[in-house]
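> Spelled out, the chains give:
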Amino acid sequence: MDKFTTIHSSAVPMPIEDVDTDQIIPARFLKATTRDGFGDNLFRDWRFHQDDSPKSGFVLNNPIYSGQILVAGKNFGCGSSREHAAWAIHDYGFKVVVSSFFADIFKGNALNNGILPVVVNEEFLNEIFQAIEANPNTAFNVDLEKQTFTILETGKSVSFEIDPYKKMCLINGYDDIDYLISIKDQISAFEQQQLAF
Amino acid sequence: MGKTLFDKIWDAHVVTAVDGGMEVLYIDRHFIHEVTSPQAFSGLKKRGIGVSRIDKTIATADHNVPTKNQHLPIQEELSRYQVQKLVENCEEFGVELYGLGHPYQGIVHVIGPELGITKPGMTIVCGDSHTSTHGAFGCIAFGIGTSQVEQVLATQCLLQKKPKKMRINIEGELQAGVLSKDIILYIISKLSASGGTGYFVEYAGSAIRSLSMEARMTICNMSIEMGARGGMIAPDEKTFEYVKGKEYAPKGKDFDKAVAHWKTLFSDDDAVFDQEFTFPAEDIEPMLTYGTNPGMGIKISQTIPSESGKSFQKSLNYMGFESGESMLGKPINYVFIGSCTNSRIEDLRIVADYVKGKKKADHVNVMVVPGSKQVEKQAIKEGLDKIFAAAGFDFREPGCSACLGMNEDKVPKGEYCVSTSNRNFEGRQGPGARTILASPLMAAATAIEGKIIDFRSQISQN
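Protein chains in written order, with this note's numbering: chain A, 1 to 197; chain B, 1 to 462.
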């Protein structure tokens with residue numbers, strides 16, 4: 001996993017609520033057996049017509065918006081557990097997703113792929129959307145070490161929560177699996193005293 | 001202070017805690033399927049390690065399989081490759097596979113319970129969000145991503161933060177024509193598609209207790225649709241009776257010993273939940289969804305509500321519905337009966353019982369997809385296949401099918417489908433498809449009438 005450093009970037013706004021993982025990556029694109037290339041089909045059916053031509057109204061097709069930060073409405077990533085959604089977002093080039101609320105499984109999948117989910121309150125989320133609307137080039141700063149998200153233009157900054165263990169993993173590029181393998185003896189000892197069924 | 005059912009099982013599975021509040025949770029059973037496992041196996045290969053406990057890992061092929069001619073090679077190249085990859089990985093790592101052609105093949109959340117692999121008190125995971133289904137047995141069962149599939153394959157453990165606890169009580173007697181699918185659609189319509197996020201839910205109350213094991217599975221199955229990681233129901237005599245005699249159930253004295261343990265699995269009287277809701281069973285009617293998330297549901301007697309906000313309007317535009325409209329009388333061209341929510345033998349019996357002696361409306365395409373080879377076999381044994389054929393329903397072979405349209409079973413663009421599945425997201429059943437979630441009874445009635453009706457007048461005549 002990539003190490004997560006400070007991000008300084010403009011952002012792509014998606015003020016839609018309950019964006020489910022079927023929208024992020026439709027099921028028909030889950031047939032791959034590697035983790036690569038999912039970015040091409042990120043938000044496939046919102047982004048492209050059935051003949052593969054781009055839908056001009058969709059934000060990812062609008063050249064005025066770009067950046068490593070995706071800002072979305074509440075309950076982002078609900079639905080299916082497919083990690084392909086996180087792979088698609090990462091592969092497309094996003095490093096941070098900001099919302100007022102994330103679905104649990106998506107949040108875990110994002111963290112396991114070096115994507116930082118930043119939870120801000122509804123009011124601040126609207127401020128972010130307004131700032132981007134006023135100026136699509138508005139830059140933001142995401143500092144994982146200090147756990148702050150800042151709108152650089154106004155200087156307004158909020159702090160966000162992250163589990164200290166997951167923070168350490170992101171900063172160092174560690175996987176959970178490295179840690180679990182390192183405690184294998186402890187796991188074996190636990191197994192010995194488990195019930196037989 | 002007493003413990004909740006959830007606490008009792010969780011606490012018994014914590015190997016150790018990590019600084020900051022995460023815990024290492026031991027996993028009793030791990031189900032895998034073709035879609036979310038290949039990258040996990042690649043990860044193991046890259047690290048040069050094997051599967052930690054093959055005796056606790058079970059594989060099947062379900063998401064991507066055709067539901068016609070399963071004895072022939074899969075036509076679609078990518079699907080064929082992915083299913084073949086599962087076969088190769090299971091062979092290489094020594095994992096038991098109930099793949100295509102095996103008498104136990106089926107949807108992962110159907111086969112676990114019917115084989116007796118799913119048992120009370122277990123922790124169960126799978127790279128599929130509907131793993132919550134197994135909670136009906138009093139298990140902590142939840143869906144995980146592929147990185148976590150790799151973790152469990154490698155170590156039989158997961159790093160997890162303990163969720164908050166919610167109890168939802170349904171008290172009283174259900175009205176005629178109301179099935180467990182209606183109960184869960186009702187609950188989600190009350191709590192919204194995100195109301196359970198951060199929680200693990202226990203379903204309780206007299207109406208829940210009155211349900212069969214299969215009906216309880218339907219409820220737990222859709223816990224994720226309100227954002228909850230999982231749902232569970234305390235095991236009781238019905239649970240023990242269901243597990244008894246199944247292929248992988250403990251036998252003889254071992255079974256008695258297991259039951260003695262299972263009987264300790266309930267929430268203590270003084271256990272505290274972070275949130276609790278109680279709904280009267282009498283308030284529940286046959287339910288339908290009108291929007292693009294499972295929280296957008298109404299009773300059959302209600303009209304589509306009105307809400308401000310872009311997301312709500314976007315959803316109604318997609319569905320082609322308007323606020324204030326009734327769903328009654330809406331013409332429907334597609335009906336799908338199947339999925340891990342409603343593809344068990346009891347579901348098929350309910351449908352067959354309703355359609356016996358009737359014929360589907362000419363313009364409706366009706367697909368009935370059993371949850372497993374065993375369900376298919378039982379349906380044929382009971383002659384349900386003949387009832388379906390006489391009604392003009394297409395009775396197919398097991399798989400996830402049109403619930404998510406990974407195989408060729410899709411609903412065309414713009415068409416409405418009354419579906420017994422679990423998600424009405426945009427394009428879920430095919431690009432542009434419009435899904436209306438409902439119970440098997442509602443689906444059966446829609447197939448016969450060719451439009452949405454309040455079928456309760458019909459069943460009371462019987």
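If you are wondering where the hints come from, they were derived from the structure by calculation, not from laboratory data.
A quick note: this is a predicted structure, and the numbers were derived from the prediction, not measured.
Hints may contain errors.
Label-pair distances were calculated between CB atoms; the ranges are [said to hold, decoys possible]:
{"id": "1", "chain 1": "A", "residue 1": "N61", "chain 2": "B", "residue 2": "Y318", "range": "10 to 20 Å"}
{"id": "2", "chain 1": "B", "residue 1": "K314", "chain 2": "A", "residue 2": "Q130", "range": "49 to 59 Å"}
{"id": "3", "chain 1": "B", "residue 1": "G101", "chain 2": "A", "residue 2": "E161", "range": "47 to 57 Å"}
{"id": "4", "chain 1": "B", "residue 1": "Y81", "chain 2": "A", "residue 2": "Q194", "range": "50 to 60 Å"}
{"id": "5", "chain 1": "B", "residue 1": "Y81", "chain 2": "A", "residue 2": "D163", "range": "55 to 65 Å"}
{"id": "6", "chain 1": "B", "residue 1": "G252", "chain 2": "A", "residue 2": "K184", "range": "44 to 54 Å"}
{"id": "7", "chain 1": "B", "residue 1": "S308", "chain 2": "A", "residue 2": "G57", "range": "35 to 45 Å"}
{"id": "8", "chain 1": "B", "residue 1": "G50", "chain 2": "A", "residue 2": "Q130", "range": "26 to 36 Å"}
{"id": "9", "chain 1": "B", "residue 1": "S308", "chain 2": "A", "residue 2": "N61", "range": "19 to 29 Å"}
{"id": "10", "chain 1": "A", "residue 1": "Q50", "chain 2": "B", "residue 2": "D394", "range": "24 to 34 Å"}
{"id": "11", "chain 1": "B", "residue 1": "K386", "chain 2": "A", "residue 2": "Y174", "range": "24 to 34 Å"}
From the three backbone atoms N, C-alpha and C, an ideal C-beta is built for every residue, glycine too.
> Each of the hints needs a verdict: does it hold here or not?
Hint check results:
Roughly 19 Å separates the CB atoms of N61(A) and Y318(B), a value that falls within the hinted 10 to 20 Å. Between K314(B) and Q130(A) the beta carbon distance is about 20 Å. The supplied range of 49 to 59 Å is therefore violated. Between G101(B) and E161(A) the C-beta distance comes to about 49 Å, which sits within the given range of 47 to 57 Å. The supplied range of 50 to 60 Å is broken by Y81(B) and Q194(A), whose beta-carbon atoms lie about 37 Å from each other.
Checked against the hint of 55 to 65 Å, the C-beta distance between Y81(B) and D163(A) comes to roughly 37 Å, which is inconsistent with it. About 34 Å separates the C-beta atoms of G252(B) and K184(A), a value inconsistent with the hinted range of 44 to 54 Å. For S308(B) and G57(A), the hinted distance range of 35 to 45 Å is not satisfied, since their beta carbons lie about 21 Å from each other. Between G50(B) and Q130(A) the beta carbons are some 53 Å apart, a value that contradicts the proposed interval 26 to 36 Å.
About 27 Å separates the C-beta atoms of S308(B) and N61(A), a value consistent with the hinted range of 19 to 29 Å. Judged by the Cβ atoms, the range 24 to 34 Å given for Q50(A) and D394(B) holds: they are separated by roughly 25 Å. Between K386(B) and Y174(A), the C-beta spacing of about 58 Å breaks the proposed range 24 to 34 Å.
The structure is inconsistent with the numbered hints 2, 4, 5, 6, 7, 8 and 11, although it conforms to all the rest.
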